[in-house]
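There are 2 protein chains.
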Amino acid sequence: MADPIKTRLYVDSPLADGQSVGLDHERAHFLRHVLRLDRGDPVAVFNGRDGEWRAVIDGFGKGWCSLTVTEQRRGQDTTPDLWLLFAPLKKGRIDFVAEKATEMGVSRLWPVFTRRTDPNRVNLDRLRANAVEAAEQCERLSVPEMGEPMPLERALAGWPDGRTLYLCAEAGSARPIAEVLRDARQTGVAGPAALLVGPEGGFDQSELDEIAKLPFVVPVGLGPRILRADTAVVAALACWQSLAGDWTAGGSDRRPPFRAPTFPSAGQSPAGEPALD
Amino acid sequence: MADPIKTRLYVDSPLADGQSVGLDHERAHFLRHVLRLDRGDPVAVFNGRDGEWRAVIDGFGKGWCSLTVTEQRRGQDTTPDLWLLFAPLKKGRIDFVAEKATEMGVSRLWPVFTRRTDPNRVNLDRLRANAVEAAEQCERLSVPEMGEPMPLERALAGWPDGRTLYLCAEAGSARPIAEVLRDARQTGVAGPAALLVGPEGGFDQSELDEIAKLPFVVPVGLGPRILRADTAVVAALACWQSLAGDWTAGGSDRRPPFRAPTFPSAGQSPAGEPALD
Chain H
1 MADPIKTRLY VDSPLADGQS VGLDHERAHF LRHVLRLDRG DPVAVFNGRD
51 GEWRAVIDGF GKGWCSLTVT EQRRGQDTTP DLWLLFAPLK KGRIDFVAEK
101 ATEMGVSRLW PVFTRRTDPN RVNLDRLRAN AVEAAEQCER LSVPEMGEPM
151 PLERALAGWP DGRTLYLCAE AGSARPIAEV LRDARQTGVA GPAALLVGPE
201 GGFDQSELDE IAKLPFVVPV GLGPRILRAD TAVVAALACW QSLAGDWTAG
251 GSDRRPPFRA PTFPSAGQSP AGEPALD
Chain U
1 MADPIKTRLY VDSPLADGQS VGLDHERAHF LRHVLRLDRG DPVAVFNGRD
51 GEWRAVIDGF GKGWCSLTVT EQRRGQDTTP DLWLLFAPLK KGRIDFVAEK
101 ATEMGVSRLW PVFTRRTDPN RVNLDRLRAN AVEAAEQCER LSVPEMGEPM
151 PLERALAGWP DGRTLYLCAE AGSARPIAEV LRDARQTGVA GPAALLVGPE
201 GGFDQSELDE IAKLPFVVPV GLGPRILRAD TAVVAALACW QSLAGDWTAG
251 GSDRRPPFRA PTFPSAGQSP AGEPALD
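Protein sequences appear in the order of chains H and U. Residues in the first sequence are numbered consecutively from 1, following UniProt numbering. Residues in the second sequence are numbered consecutively from 1, following UniProt numbering.
Accuracy of the hints is not assured; some may be wrong.
Any copy, or any two copies together, can satisfy a pair, since identical chains are not distinguished.
The calculated lysine-lysine pairs, modelled on DSS-like cross-linking and capped at a C-alpha distance of 25 angstroms, are [what the hints assert, rightly or not]:
no.	residue 1	residue 2
1	90	6
2	6	91
3	213	6
4	62	91
5	62	213
6	91	213
7	90	62
8	90	213
It is worth saying that the hints were derived from the structure and are not from the lab. For clarity, every value in this text was computed on a predicted model and none was experimentally measured.
In isolation and in its complexed conformation, chain H is listed as follows (with noise of 0.2 angstroms):
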């Protein structure tokens, strides 16, 4: 990597050498009025597709910014191919799940409403918004992309082939999430994976079971004590990444144990798949 550039920006526009790159009202404020950015100064950019690059500031307008993209500081890396269904939680906890999940490495959040999901709507722009301050943070080139939020009987219902669900269980009879993931990188299992996780309060008993009867579900526990929603979706996101997601091989740079295809860039409609974004 090459000089330290402290601001990160999270960008649509392709990227290569020479390449203008323009930002909203919002950043243009943001990178002006709270950073006290001037031209001239460099900032780093990603879009999810072209990698890192850095650019400079070329001047601000009314309501607006323009870079110039300058020179490639890191390739595009592959996110492991995981997704995370939640129930949309309260304000305060949903942002945090949006948050903490993109740290995480989730490639898709997809918000689900269960039978005993109490918010009954979601403001993807905030989830978004929220994902994407935090990609910027966390040195990611990619923002994860959203799922278009439905009941969890209708994802289901559309499940592709291939993708292991792993259903996080309240303290009960699931086998050990350790356990799981050890067994199905032994036994050559692995492959696209999603995680869900019930409202807090917990699933209505007999949908848990309904779900647990499905074939590409596996429930996996979380201990013994009674986790909160947003605490279980960290919990789970690490013990996959540390298990069988891309934080095994020492960084990026190594080639996770799960398939790990080509991350679908943010935004882009990715091929087949109950249609999102």
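Got chain H; can you put chain U on it based on the hints?
Showing chain U alone in chain H's frame:
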């Protein structure tokens, strides 16, 4: 477990059949005016020593409430002997750390000041209140003890024999945490443990080098992304619990593979320091 009781309270008093327990003003107000409980209603109580008991409300007075303990619901269990040393964070983030670390089963929460720690004091009462509330909600039978806040250097200078300190290093050269914990278990050097998570913005480099050289310190890597301090806390605790703690055996009924001494009573002032436990 007996009949479901929604309200769980941590108390200081001894718990035994027929024992009377008084609650302070705040608790009395909460039971009466927030939960709208009345004389004769059942609650569950625990004190970190005597397991969990059913109790019934005898009555309310001006600023107090009294309970009578009736029967034991669960015997006292053990919690893995795991400390968390962390650099105090801003309000909000530190509340979060207390809540999450309690849910994740730490036996001691120990705020330590690193060279770059931003807040230079910590509100131990607030930290403890958050831990108590989390313990009540997550079905724990104990509250983590609070280590006396002190400079990290001093904490390390008096480090007890036989306790491994896992240093959560920022993205870099440390071995992946899952690998380190697996080896520790296989080679039988597992024992009392502690995790150290640095401040937002990371350790000072020379400080980090000095810590890493200590004989009881083992650096562990938490993947290629830069985690916020509060994320690192939950993530590292999840890895430890799932690989070496009480998530490994499917619940609290089985003995964890690491030494799990009788958990010291919460609220009891730890003698000396670092001679704690």
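Here's how the hints hold up against the structure:
1. When the C-alpha separation of residue 90 and residue 6 is checked against a cutoff of 25 angstroms, the pair qualifies only between copies, where the shortest distance is 21 angstroms, while the shortest distance within a copy is 32 angstroms.
2. When the C-alpha separation of residue 6 and residue 91 is checked against a cutoff of 25 angstroms, the pair qualifies only between copies, where the shortest distance is 24 angstroms, while the shortest distance within a copy is 29 angstroms.
3. Taking the closest pair of Cα atoms, residue 213 and residue 6 never come within 25 angstroms of each other, the shortest separation being 48 angstroms inside a single copy and 29 angstroms across copies.
4. For the homomeric pair residue 62 and residue 91, neither the shortest alpha-carbon distance inside one copy (33 angstroms) nor that between copies (36 angstroms) is at most 25 angstroms.
5. In this assembly of identical chains, residue 62 and residue 213 lie within 25 angstroms of each other by CA distance neither inside one copy nor across copies; the values are 58 angstroms within and 53 angstroms between.
6. Taking CA atoms no more than 25 angstroms apart as the test, residue 91 paired with residue 213 passes in neither setting, with 32 angstroms inside one copy and 43 angstroms between copies.
7. For the identical chains of this complex, residue 90 and residue 62 are neighbours neither inside a copy (36 angstroms) nor across copies (35 angstroms), given an alpha-carbon limit of 25 angstroms.
8. Taking CA atoms no more than 25 angstroms apart as the test, residue 90 paired with residue 213 passes in neither setting, with 29 angstroms inside one copy and 44 angstroms between copies.
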